[in-house]
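Student: Please model the entire structure based on the sequences and the hints provided.
The lines below spell out each chain.
Protein chains: 2
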Amino acid sequence: MRNTFILCALLALGSYSFAQQPERFPLGEYQELADPKPHDSDEAWDQLSVPTRLSWGSTDIRYTKHDIPDVKISDRWRGKAWRGERVNAQAVLWTRTGIEDASIEVSELRRGSSVIPASAVSAHFVRYVMTDELNKDRKGGCGVRENKAEWDSSLVADVLDIVKIRDIQARSTQPIWLRVQVPRDAEPGRYKGTLTVTGKSADPMRLRFEVEVLQRTLPEAKDWAFHLDLWQNPYAVARYYQVPLWSEAHFEAMRPIMRMLADAGQRSITASIMHKPWAGQTQDHFDSMVTRIKKIDGTWRYDYAVFDKWVEFMMNEIGIDDIISCYTMIPWALTFDYYDEATNRVQFINTKPGEAAYADYWGSFLKDFARHLRQKGWFEKTSISMDERPMEAMREAIKVIKQADPEFKISLAGNYHPEIQEDLYYLSIPYGHQFPADVKKAREAKGQISTVYTCCAEAFPNTFTFSAPAEAAWTVLHAVAGGYDGYLRWAVNSWTIDPLRDSRFRTWAAGDTYSIYPGPRSSIRFERLMEGLQDCEKIHQLRSELKGGKLEKLNRTVAKFTPEGLAETQQSASEMVDELHRLLNSF
Amino acid sequence: MRNTFILCALLALGSYSFAQQPERFPLGEYQELADPKPHDSDEAWDQLSVPTRLSWGSTDIRYTKHDIPDVKISDRWRGKAWRGERVNAQAVLWTRTGIEDASIEVSELRRGSSVIPASAVSAHFVRYVMTDELNKDRKGGCGVRENKAEWDSSLVADVLDIVKIRDIQARSTQPIWLRVQVPRDAEPGRYKGTLTVTGKSADPMRLRFEVEVLQRTLPEAKDWAFHLDLWQNPYAVARYYQVPLWSEAHFEAMRPIMRMLADAGQRSITASIMHKPWAGQTQDHFDSMVTRIKKIDGTWRYDYAVFDKWVEFMMNEIGIDDIISCYTMIPWALTFDYYDEATNRVQFINTKPGEAAYADYWGSFLKDFARHLRQKGWFEKTSISMDERPMEAMREAIKVIKQADPEFKISLAGNYHPEIQEDLYYLSIPYGHQFPADVKKAREAKGQISTVYTCCAEAFPNTFTFSAPAEAAWTVLHAVAGGYDGYLRWAVNSWTIDPLRDSRFRTWAAGDTYSIYPGPRSSIRFERLMEGLQDCEKIHQLRSELKGGKLEKLNRTVAKFTPEGLAETQQSASEMVDELHRLLNSF
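So the sequence lines, in the order shown, correspond to chains A and B. Each residue of the first sequence is one higher than the one before, counting from 2 in the numbering used here. Each residue of the second sequence is one higher than the one before, counting from 2 in the numbering used here.
No lab work stands behind these hints, which were simulated from the structure alone. You can take every hint at face value.
Identical copies carry no separate label here, and so any pair may be met within one copy or between two of them.
Once the Cα atoms are required to be at most 30 Å apart in a straight line, the calculated DSSO-like pairs of lysine-lysine come out as:
hint, residue 1, residue 2
1, Lys-296, Lys-368
2, Lys-368, Lys-295
3, Lys-296, Lys-310
4, Lys-296, Lys-377
5, Lys-403, Lys-382
6, Lys-295, Lys-382
7, Lys-223, Lys-310
8, Lys-310, Lys-295
9, Lys-368, Lys-310
10, Lys-400, Lys-295
11, Lys-295, Lys-377
Tutor: Here it is, written out as structure tokens:
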């Protein structure tokens, strides 16, 4: 069986690379990769008496593409929402005969004369992307995966397409994602609408849905208590959209992507202050947003045109303006770029924290950078950011920063080190690690931010393309349960070479590097993350309001979202998230 | 026989590359490559009754390294010189037994109480460098020579070493070059000196020499009428000396090299205003001396720190300040560099004269460049320079230059084109081509410079390392005879990878790319060129002074230095140069 899988995966790869020659970097309609997995036979499909069926399903399930879904037929979905909340539902369609030119129509939602307009409702064909699996020891998804055939590949439902009309193949399943953005000023009450699927030679099929708008109002994302930090990759956007870096077209492409982040409560702007801060670990490496020129007399000259344009865009057009995270002073490869006037080339210095050349390179820059940031009024928002590096190197780097300007904010995503934690305005530590209670309290008192991160290391919870959808919500709910200020993830749009079709990458389990797709297209993962983030804010609201037994009940339910809670419970992540969700809507 | 040569050449190469592992880029003592040629046998050498002999020889001869020289023994050399002239003589030593720690001593020159000090006299061991040969059709030395084995290689005497003590191998010939710089204020008359060779266990050997200082005075090189233009390559110096480009150490290394050029009457500073103006045809490609930044808003920013430092060095420290030749607007590969702020990379535009992108790239630059040059007071000295390119391209480039600033000087090394010659302040045309008499006159009247150039194309005259030494003088005398204002050669120090040992290059006949060696070391070629240049100035002086029969005789002798004169005469180049030389010292 294993061999068959590998063979199929190879065939899928092969047909993709050589035979089909699909459009590079599609933004509109595109063809999915071939399904490398065994699935329901033609005979099984052909036994279906009704050619095409449509039913409500669950947002917890990634329906497989070529299997008849195991679904309890239902034509009515009911949900609850706070005012200002975004709610999701998933329908599933399966067809023996296929549907040409299928499209989905959603009505406005009505409650007597009150209306949630159709523009607040959207429906998406859920599309299939190639994924792989956890490491063989099931302990996570880290490590190199150059040889894709070593990993079991499969097609999974994840992408929420923006293409509105498409052919649905015979003998296939087509999930449909429904999203309702409840207006903040909606009158509470029960709103009803319909979702209709039509096709060229198919009778329209209808599903009903209801959203019960509750009394409570969710604040705007920018006012949420939760500190969200998903690292943006502008370089991936320029490459995929084939537009010149930092051109108007580039910003136009980035605008809706970055707005998705703002809508999720994103706090930080990811800025790179050197070439390849992470040794080019993503398909599209980050480059320096700072122009750094070494003059022939050995002095440095800096220019911030790129940095300024990016930061101003994020602040003024997108509304993300809390922190400018500047990566990094301790890259994984200790080589530092500059344009060398003498040779008319970008050159690299090899040096490391503690050395004179390092102090010269960074000290000179940081002094000028501080001057520039103060001039722009951004100094207080800017943080010189590092990833986990050896303790001694971090200490030396901190020394250089403080020498350049003692008021510089410094941040780290890495292990908790008591020796340097005080110096770190923003410190994100790995899943499973804790801040000592007194330290966390002291950090709060000083206005320092203390969050948790996940990456390839976690088998659970994660947002790989094969992870259970509810894990996305679980992850951020864990941040609240664990007493952290928020959550950090190192990538949200570091796309693979062909991200719509293939989420597998040369390193790490598939999907690790992005949850927003080109288009932009949201994903099951991103929407479930968004649900979790909304629930985090609901918890925040309710904790300041509830008292006694209700508060205790809330806290008890929240407390399950920890490694300890997880070890005790018999519930699945989906059940836990669902339970909490219902509880939050019950007060 | 041919096969033996190739085998020997391969062995020489082999031993050089793999076995010996010689020092890279030596500046002091170094070992020559093995001699790939058959030569006098050990038996022949062993028949010599006197173990070591020393005699005056001729500067016209490259004595072979392992042959007993065919020389009429003479212990006294007599030369004549104008005051201020530099004169050369060559002695030759050959030894059956070898000499350990050989050194040469030269005395001051005395004439009663008058003295030419020893500091004005120098003696050099002549060293052997690997050369090849003309093309198989004997028509020149152009074309690719990647496979060295296809060309007959030999060791030739050319380098005038600066190392003063060295071991002379048994059974070998060691030429010695004597150079006397007659002070401009020397009293006329006959000066006598001695050259002494000593060694560890050898009796000192002495040669006498006399220089008759004549009444006439040669002006300083910077005042010579002849327009000399040997293109400098600063990039080769930085690589060979292993010093950072444009550092103090780099200028220190260049100083004595560029002074050699100034002493020869060099007029032009070779400046590169783009990356690889000649598509990297030399071992060390030229890069842009201009920093050219494309901002993210599409505007250009320029910086001239490198250009200014180089030009100021040449003008103020070296004294070469007539023309700043800026290469080029029409490179051989039509790709134009800039540092791109957006991508933090040096990028390239592919465009060509006549296109909008070309006009933008150059028009914008030239306007700013003109502003900068005027500010520095250099505008009148600067020439935007091109090599031969298709007529239409040159016309379009000239249009762009004139649009940027109609007063820009323009120069070309290429064929004579009546359509554009008027636009060319400085025009150098190939050997064998003539300016129409009326055009030459009109150009003179306008102060335009009209010279001749040679390159790989000439089998004769040339300065390949295997060319007859007198050809170097012949070449520049030809410029005077042909009625040109001077002479251009495209390279004087574009060194091969191992220039002291191997003058062969991946293209063109050996020695084409340089006549000054690292150290710097002069060469037989450079000294004979210098003699020719001195003679050119003597002709210039005498022509304004002599009348009647003497002037006619001078002009008749000069006129031989043309392709026509050459076709008529029975004399060799050496004889022609010698005859003219004697004539110039006879008036």
